[in-house]
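Asks: Based on the sequences and whatever the hints tell you, model everything.
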Amino acid sequence: MNGLERRYRRLLAWYPRDHRVVHEEEMIGVLLAGADSGCSRPGPWESADLLLGALRLHARRAVRRVAGSPWQDALAVAGVVGALLVLLRPLTRLAYGLVMSPPQAPEVLLPLVTTVTPVLPAAVALGAAAMNVRMVAAAASWWAAATIAWNWATIQVPYSGAHALTAWPWSDSSLYLAVAAAVALTLSRTPRTALVLLGARRVVAWSLMAVVVLLPVWSSAAPVPPVVSMIVSGVLSDGGSLLVLAVIAAGLALRRPAGRRAVAVLAIPFVVQLTWSTSTTASANGWLTALLKVLALTAILAILGRRAARPAGDGADPLAREA
Amino acid sequence: MQEPTFLILTALAAGPQHGYGIITDVQRISDGRSRLRAGTLYAALDRLGEEGLVEADREEIVDGRARRYYRITGQGARRLAAEAERMRRHSEAAMSRLSGLPDLPGLAGGLA
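If you're matching them up, the sequences are chains S and X in order. Residue numbering for the first sequence follows our numbering, beginning at 488 and increasing consecutively. Residue numbering for the second sequence follows our numbering, beginning at 2 and increasing consecutively.
Honestly, the hints are just simulated from the structure, not real lab data. Here the structure is a predicted model, which means the values were calculated and not measured. A virtual CB, placed ideally from N, CA and C, is assigned to each residue, including glycine. You may find that some hints are simply not true.
As the list claims (entries may be wrong) - The calculated label-pair distances, taken between Cβ atoms and stated as ranges, are:
1. 95(X) x 526(S): 39 to 45 Å
2. 91(X) x 500(S): 50 to 56 Å
3. 63(X) x 496(S): 17 to 23 Å
Replies: Below, the structure written as structure tokens:
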């Protein structure tokens, strides 16, 4: 093996494994045949072209994997469950607010009403997902996310001014959830699959459970026994993200790969939020705990996703078959 | 359809060819103006294979190295024909309009 061939092989090492297995020797042959005699290293254009080719092959395989059926099921489940949480969270908050402190004045009522604005788009998204109208489901879920961002801006900015912008929008876990749901519904080609996979009874039972678990989120602002508030604030450090994640994980313990993959899809934004929220209040200790939390979350996700390995043949080289 | 794709399918329309054969043929078809590089060629072949426009034909060993031949599929030929027809219509339109222009330097003799 001469120096030129070794350098070509080093560039081809960037190609996807399945492509290399089938085409590496063949490509080396083509590259050596096209090289000028006496040339000892690939030219810059040729190197760039090879690397760009590798990038395109990797990108196409990634798209193919996401478009493949196991991830499609997961995207549908993540989108529907996410939209359901976006719908239930403000409703639970409104119910709690009305029961615990009946609004006496508009200034109490107004924040409660604005929290409810994502409910309509989230309901539209769920309805459209149920009818498999994916464009409407995706548009409505982005509308829900935009509503949450808008609510946050109108409520927070007047109080904290410029400081709010440094924290925005990373401090609101429901925004993360809404964006994750919107991305999932945008990428999902058959959102209705989620309802088929989950089943109507499971969706209702899980919704009730989510409401029960979400109620204490709002009680931390209300007069409750110190022990309860201590537990709640302990669980809810980081804006309830861990709690919501736990709800999702519990609700989706379906013993199905699609469910575990859906948990992974919905958890990505929470991992990002956890990292961000700690990095903005950076102290050496804070960084360490954040790192530990992220590692713990990653471990949970890894265990959940372990059995959701992709089936053999997925991402195989399309030209590997001999005619 | 992008130019490399068009040229690769055109090269294969003549019959099955191996990778280096496609590269030299593309150079011939384009009068040496288009130079197809290996990275572009194999990324395009991967995509064309996935779309069912091209398939592997046979493999032979030359100097101890595998050499795979590719051939155009029926679907690939239909797609190439449709693209060639589209380009023909466009170039005809361009030519007929250009012939209506007063003589421009550099165009003389270029229009039949």
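Asks: Can you name, in rising order, the numbers of the hints this structure does not satisfy?
Replies: 2
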